[in-house]
Amino acid sequence: MLPPAERRSVVLVTAYAALSLLMLVVGERIPASGLRGLGAVIFAPFDRVAGAADRLFTSWNENTDLHARLARLETENARLRLMAAETAHLREQLGLEAWRGLTLRPVEVLALGGGDPLPNAATLSAGQNDGVQVGDAVLTSDGLIGRVSECWPDLSRASLITDANQAVACEVETTGVNGILRFVPTPRPRLVLSAVGLADTVRIGELVVTSDLSLRFPRGIPVGRVSRIEQDPTGLMQEIEITPAARMARLRHAFVAPGPRPPLDGIPRPKLEFEPSRTRADRARAAARAPAVPRPVAPDTVGGAQ
Amino acid sequence: MKVIGGFLLAALVTLVMRSTVLAGLAARGIVVDVLVLATVAWSLRQRDAWGATFGFVLGLAADLDASHWLGRHALALTLLGYGVGRLSNTLVRDSPLTQLLLLAIATALHQVWTSAFDASGGVAGLGWLAGRVVLATVTTAPLGVLVLLLSQLFVRRRGYGNASGSSTTG
Numbered sequence: 001m002l003p004p005a006e007r008r009s010v011v012l013v014t015a016y017a018a019l020s021l022l023m024l025v026v027g028e029r030i031p032a033s034g035l036r037g038l039g040a041v042i043f044a045p046f047d048r049v050a051g052a053a054d055r056l057f058t059s060w061n062e063n064t065d066l067h068a069r070l071a072r073l074e075t076e077n078a079r080l081r082l083m084a085a086e087t088a089h090l091r092e093q094l095g096l097e098a099w100r101g102l103t104l105r106p107v108e109v110l111a112l113g114g115g116d117p118l119p120n121a122a123t124l125s126a127g128q129n130d131g132v133q134v135g136d137a138v139l140t141s142d143g144l145i146g147r148v149s150e151c152w153p154d155l156s157r158a159s160l161i162t163d164a165n166q167a168v169a170c171e172v173e174t175t176g177v178n179g180i181l182r183f184v185p186t187p188r189p190r191l192v193l194s195a196v197g198l199a200d201t202v203r204i205g206e207l208v209v210t211s212d213l214s215l216r217f218p219r220g221i222p223v224g225r226v227s228r229i230e231q232d233p234t235g236l237m238q239e240i241e242i243t244p245a246a247r248m249a250r251l252r253h254a255f256v257a258p259g260p261r262p263p264l265d266g267i268p269r270p271k272l273e274f275e276p277s278r279t280r281a282d283r284a285r286a287a288a289r290a291p292a293v294p295r296p297v298a299p300d301t302v303g304g305a306q
Numbered sequence: 001m002k003v004i005g006g007f008l009l010a011a012l013v014t015l016v017m018r019s020t021v022l023a024g025l026a027a028r029g030i031v032v033d034v035l036v037l038a039t040v041a042w043s044l045r046q047r048d049a050w051g052a053t054f055g056f057v058l059g060l061a062a063d064l065d066a067s068h069w070l071g072r073h074a075l076a077l078t079l080l081g082y083g084v085g086r087l088s089n090t091l092v093r094d095s096p097l098t099q100l101l102l103l104a105i106a107t108a109l110h111q112v113w114t115s116a117f118d119a120s121g122g123v124a125g126l127g128w129l130a131g132r133v134v135l136a137t138v139t140t141a142p143l144g145v146l147v148l149l150l151s152q153l154f155v156r157r158r159g160y161g162n163a164s165g166s167s168t169t170g
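Protein chains in written order, with the working numbering: chain D, 1 to 306; chain H, 1 to 170.
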C-alpha cells in the first residue's frame, strides 16, 4: 500500500495523463481560439517587455544597418518613381488598367510561437479595432511572412509561411513560372515551390513572388529566392527550394495588407480586392472590348493554394 | 501561497522566453527546450506532485499556442515532471552531474516524442529528426545546469538537497 502523499501524486498524474490523452484524441474539435486570445491578452504586456529588452540590445547595430539601407532605398526609389511614371504611361497606351498600391498597416510582432522547434505563428499588436481581419496578408519590408489566421479586438495571430498547413500560389518573377509554396518540416525544414513542370526554366537566385493566381495575397510580394532545384519524388515535377526573403529569425515589425474580402455571390475570384477601381468609362471601354461569346468560368487557384 | 506564486512566475517566465528570445534562436537553428528545462528544475525542487502539475500546465499552454495536437506537450511534460520529481527523492539533487543527466534524458525523451508528430518524411527524415534531438539535448542540458547553479547562487541558499530530503523549501 502506498503512503497517502504518494497515492495522491499517482492519482494526480493519472488524471493529468488521461486528460492529455483525451485532448490528443478530441483536441481538434475543441474551439481553442478564445483561449488563445485570452492567452495573447495576458501575455502581451510581458512579451512587450521581453521584446523591448531584446530591441534595446540590438538597436545600435540595426540603426547603422538601417541608415545604409535607407540611403540605398532612396536612390532606388527615385529610379523606380521614374519607371513607375513611364509604366503608367505605357499601360495607358496599351489599354491596361493601372496598378493599385497596397494599404499597409504597421504592426508590432509581440511573440512567436506555435511550431516546435521552428515558430510558425506570430502574435501581432493590432486587431479588429484597428481594421485587421482574418485573411489579411502579413509582410515585412523584405517580403511575405504569412497571413492573419485569428483576430481578437486588440490583437491578432498570424500563421507564418513556416506553417506546414499554409500554401501560397507563387510565381518566379522573371519568367512567370507558377508553383505552390509550402513549408516542408521533414526530412529537414525548408520552403519548397512545388507543382513546377520539368519543362519550366527556373534558375538559382531568381526571385519568387506571390502570384496573380493567389486568392489570398496581392500579386508581387517577394517571398524568397531559389536556392536549390531538384526533381520531386515522382520525377514529373521540379521541387524548388526557396530561401525566405523575410528574416524569420528577426521578426519584430511587420505590415498588414488587407486581403480579398469574400465576394457577395460566394464565388471566389483571384485578385478581387486588388483590381484597380474602375470608373464608369473604364467599364464601358472593357465592355466594348469584351468578346460577344460567353466566357468560360475561370478555374480556381492551382492545387488549392491560397 | 509562496509555492503558487513561484509556480505562476516560473511558468510565465518560461512561456515568455519561449515566445520571444528562444523563438528567435530556434529560427536560427539553436533549439533550447525551455519547457523541459523549467519542468525538470521545478520538479527537482518541488517533487513529483507539483512537478506533474507544473509540467501539465506548461505543456497545455504550449499546446494551445501550437494550434494542433492539443495535449502533446502536456502529456510528455506531466510524465517527465512526475518522473523527475520521484527520482529527486532518491538522487543527489544538487549534483551538477545528476542534473545534467536528468536534463539530457528528459530533453531527449521530450524531443523524440514531439518529433514523432512531425515525422512524415519517411526514413529520409530520421537523420534530421535525430540531429534535432541531439542538438536540443546538447544545448539544453548544460544550459539547464548553468541556470540551476545560477539560481542557487542567486537565492543564496541551497534550494536542492539530497535524497534524505534536506530541501529548504520542502
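In short, the hints are calculated from the structure, not lab data.
Note that the structure is a prediction, hence the values are computed from the model and not measured.
The C-beta atom is built at its ideal place from N, Cα and C for all residues, glycine as well.
A few of these clues could be false.
[Said to hold, decoys possible] In silico contact screen, one side only, chain H against chain D (beta carbon under 7 Å); selected entries: (1) Lys2; (2) Ala66; (3) Asp94; (4) Pro96; (5) Thr98; (6) Trp113.
[As the list claims (entries may be wrong)] Among chain H residues calculated to face chain D with C-beta under 10 Å, some are: (7) Ile4; (8) Ala61; (9) Gln152.
[As the list claims (entries may be wrong)] Here are the computed distance ranges between Cβ atoms for each label pair: (10) Ala53/D - Phe117/H: 46 to 54 Å; (11) Ile229/D - Gly5/H: 54 to 62 Å; (12) Ser151/H - Val26/D: 18 to 26 Å; (13) Gly176/D - Val134/H: 22 to 30 Å; (14) Gly6/H - Ile229/D: 49 to 57 Å; (15) His67/D - Arg28/H: 19 to 27 Å; (16) Gly131/H - Pro45/D: 47 to 55 Å; (17) Val138/H - His67/D: 33 to 41 Å; (18) Gly6/H - Ala84/D: 29 to 37 Å; (19) Phe117/H - Ala15/D: 40 to 48 Å; (20) Leu207/D - Gly131/H: 46 to 54 Å; (21) Pro45/D - Phe154/H: 57 to 65 Å; (22) Ser95/H - Pro45/D: 33 to 41 Å.
Hint by hint, here is what the structure shows:
Nearest Cβ of chain D to the Cβ of Lys2/H: about 19 Å, over the 7 Å cut. The hint is violated. With its C-beta approaching chain D no nearer than about 5 Å, Ala66/H sits inside the 7 Å limit, and its interface hint holds. For Asp94/H, the interface hint is violated, the least distance from its beta-carbon to any beta-carbon of chain D being 22 Å, above 7 Å. Checking Pro96/H against chain D by beta carbon gives a least distance of about 25 Å; that is not within 7 Å, so the hint is violated.
Taking 7 Å as the C-beta cut-off, the interface hint given for Thr98/H is violated, the closest approach to chain D being about 21 Å. Residue-level restraint check for Trp113/H is violated (minimum Cβ-Cβ distance to chain D is 10 Å; threshold 7 Å). Interface restraint check for Ile4/H: the shortest CB-CB distance to chain D comes to about 16 Å, outside 10 Å, so the restraint is violated. A least Cβ separation of about 7 Å between Ala61/H and chain D falls short of the 10 Å threshold, and the interface hint therefore holds.
Annotation: interface hint on Gln152/H violated; nearest CB of chain D at approximately 24 Å, more than 10 Å. About 32 Å separates the C-beta atoms of Ala53/D and Phe117/H, a value inconsistent with the hinted range of 46 to 54 Å. Taking the beta carbon of each, Ile229/D and Gly5/H are about 56 Å apart, inside 54 to 62 Å as hinted. In this structure the hint that Ser151/H and Val26/D lie 18 to 26 Å apart at CB is violated, the actual value being about 38 Å.
Separation of Gly176/D from Val134/H is about 43 Å and departs from the stated range, judged on CB atoms against 22 to 30 Å. Separation of Gly6/H from Ile229/D is about 54 Å and conforms to the stated range, judged on CB atoms against 49 to 57 Å. Separated by about 24 Å at the C-beta atoms, His67/D and Arg28/H satisfy the suggested range of 19 to 27 Å. As the Cβ distance of Gly131/H to Pro45/D is approximately 37 Å, the hint placing it in 47 to 55 Å is violated.
A hinted range of 33 to 41 Å holds for the C-beta pair Val138/H and His67/D, which are about 39 Å apart. For Gly6/H paired with Ala84/D, a C-beta distance near 59 Å fails the hint of 29 to 37 Å. Checking the proposed 40 to 48 Å range against Phe117/H and Ala15/D shows it is violated: the Cβ atoms sit about 23 Å from each other. Between Leu207/D and Gly131/H the CB atoms are about 30 Å apart, so this pair departs from the stated range of 46 to 54 Å.
Look at Pro45/D against Phe154/H: about 24 Å separates their beta carbons, and that is not inside 57 to 65 Å. A hinted range of 33 to 41 Å holds for the C-beta pair Ser95/H and Pro45/D, which are about 38 Å apart.
Hint check: violations occur at hints 1, 3, 4, 5, 6, 7, 9, 10, 12, 13, 16, 18, 19, 20, 21; the rest are consistent with the structure.
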